[in-house]
Amino acid sequence: MSLPEPLLRADWPRERLLRHGAATLSDPELLALALRTGVAGCNAVQLGHDLLRRFGGLRGLLGTSPAELQVVPGLGTAKACVLAAVLELARRTLEEDLVRQDALANPDLVRRYCQAALGHRKVEHCIALYLDARLKLIICAEVARGTLTQAQIYPREIVREALRHHAAALILTHNHPGGTAAASAADIAMTRQIRQALALIDVRLIDHVIVAGAATVSMAAQGHL
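Residues in the sequence shown are numbered consecutively from 61, following this note's numbering.
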């Protein structure tokens with residue numbers, strides 16, 4: 061097996077970032093900067109390529125745990141932890157934007173956050189975004205986790221958390237792993253049940269966003285609320 065050719069210094073990701081900016085680097089090159097070094101027979105950029113291929117691109121990589129990263133030959137605990145930290149920072153960037161902005165006035169931001177949080181998940185998860193009276197994010201909390209095809213959601217738990225966080229409104233989101241971003245009859249029935257339960261404590265259910273990979277659909281926009 062032939063060894064990879066070494067990169068010229070001018071072509072190193074760090075040098076190119078300093079000269080031209082981070083936006084000019086490819087995904088593997090950005091990963092290489094976080095990884096710092098490669099492994100035996102594989103430089104850092106090639107390792108970045110391998111990680112993206114193994115986990116199905118950036119979206120798949122976002123959902124990868126440190127334990128899953130450590131099984132990559134040669135990656136090791138230190139690199140896995142650094143990479144997991146970088147990926148978590150990427151997720152938190154969108155959450156920070158929701159804290160600062162009116163969620164109702166920024167539906168695209170909400171959909172991007174939901175997709176980033178759930179698009180890569182391999183089983184169903186349901187997340188609630190609890191909002192204050194100005195419709196800014198108070199907290200994002202997982203309210204259910206299930207199997208490949210379903211997650212058991214309990215309205216009373218969502219209501220209890222809404223009271224605990226003094227929420228005025230909330231947005232639900234859940235994923236359909238390997239499915240389509242379309243509301244099922246069960247999704248519609250459960251969403252209306254949750255909306256009615258929240259109405260009893262004067263909390264508004266603004267939307268329920270369904271995520272399937274890179275696709276999202278708003279149940280509010282489809283008239284299901």
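Among the clues, some could well be false.
[As the list claims (entries may be wrong)] So the derived label-pair ranges between C-beta atoms look like this:
hint: 1; residue 1: Cys102; residue 2: Gly283; range: 45 to 53 angstroms
hint: 2; residue 1: Glu148; residue 2: Gln212; range: 24 to 32 angstroms
hint: 3; residue 1: Gln212; residue 2: Gln282; range: 28 to 36 angstroms
hint: 4; residue 1: Gly136; residue 2: Ala245; range: 14 to 22 angstroms
hint: 5; residue 1: Leu78; residue 2: Ser125; range: 26 to 34 angstroms
hint: 6; residue 1: Lys182; residue 2: Ala145; range: 43 to 51 angstroms
hint: 7; residue 1: Arg252; residue 2: Val142; range: 20 to 28 angstroms
hint: 8; residue 1: Glu221; residue 2: His80; range: 17 to 25 angstroms
hint: 9; residue 1: Leu78; residue 2: Gln212; range: 44 to 52 angstroms
hint: 10; residue 1: Gly81; residue 2: Arg216; range: 49 to 57 angstroms
hint: 11; residue 1: Val131; residue 2: Arg220; range: 32 to 40 angstroms
hint: 12; residue 1: Glu148; residue 2: Tyr214; range: 21 to 29 angstroms
hint: 13; residue 1: Ala83; residue 2: Arg172; range: 28 to 36 angstroms
hint: 14; residue 1: Arg152; residue 2: Gln212; range: 24 to 32 angstroms
[To be verified] In silico EDC-like cross-links for lysine to aspartate or glutamate, where the CA-CA straight-line distance does not exceed 16 angstroms:
hint: 15; residue 1: Lys196; residue 2: Glu217
hint: 16; residue 1: Lys182; residue 2: Glu128
hint: 17; residue 1: Lys196; residue 2: Asp168
hint: 18; residue 1: Lys196; residue 2: Glu156
hint: 19; residue 1: Lys196; residue 2: Asp247
hint: 20; residue 1: Lys196; residue 2: Asp157
What the hints contain is simulated information worked out from the structure, not anything from laboratory work. Remember, predicted model here, so these are calculated numbers, not experimental data. Here a beta-carbon is modelled for each residue, glycine too, at the ideal position from N, C-alpha and C.
Verification of the hints:
1. Cys102 <-> Gly283: 45 to 53 angstroms: With a Cβ separation near 52 angstroms, Cys102 and Gly283 satisfy 45 to 53 angstroms, so the hint holds.
2. Glu148 <-> Gln212: 24 to 32 angstroms: holds, 27 angstroms
3. Gln212 <-> Gln282: 28 to 36 angstroms: Given a distance of about 23 angstroms, which is not inside 28 to 36 angstroms, the answer is violated.
4. Gly136 <-> Ala245: 14 to 22 angstroms: Because 48 angstroms falls outside the window, the suggested range is violated.
5. Leu78 <-> Ser125: 26 to 34 angstroms: Holds: the Cβ-Cβ distance is about 32 angstroms, inside 26 to 34 angstroms.
6. Lys182 <-> Ala145: 43 to 51 angstroms: violated, 21 angstroms
7. Arg252 <-> Val142: 20 to 28 angstroms: Violated: the Cβ-Cβ distance is about 45 angstroms, outside 20 to 28 angstroms.
8. Glu221 <-> His80: 17 to 25 angstroms: The hinted range 17 to 25 angstroms is violated for Glu221 and His80, with Cβ atoms some 46 angstroms apart.
9. Leu78 <-> Gln212: 44 to 52 angstroms: 51 angstroms Cβ-Cβ, so the 44 to 52 angstroms window holds.
10. Gly81 <-> Arg216: 49 to 57 angstroms: Distance hint for Gly81, Arg216 holds at roughly 50 angstroms.
11. Val131 <-> Arg220: 32 to 40 angstroms: Holds, at about 38 angstroms.
12. Glu148 <-> Tyr214: 21 to 29 angstroms: Because 27 angstroms falls inside the window, the suggested range holds.
13. Ala83 <-> Arg172: 28 to 36 angstroms: Roughly 18 angstroms apart at Cβ, these two residues miss the hinted range, so it is violated.
14. Arg152 <-> Gln212: 24 to 32 angstroms: holds, 28 angstroms
15. Lys196 <-> Glu217: Roughly 21 angstroms separates the two Cα atoms, so the pair is violated.
16. Lys182 <-> Glu128: holds, 13 angstroms
17. Lys196 <-> Asp168: holds, 15 angstroms
18. Lys196 <-> Glu156: Roughly 10 angstroms between the alpha carbons, so the hint for Lys196 and Glu156 holds.
19. Lys196 <-> Asp247: Violated - the C-alpha atoms of Asp247 and Lys196 are around 25 angstroms apart, more than 16 angstroms.
20. Lys196 <-> Asp157: holds, 9 angstroms
The earlier numbered hints that this structure contradicts are 3, 4, 6, 7, 8, 13, 15 and 19.
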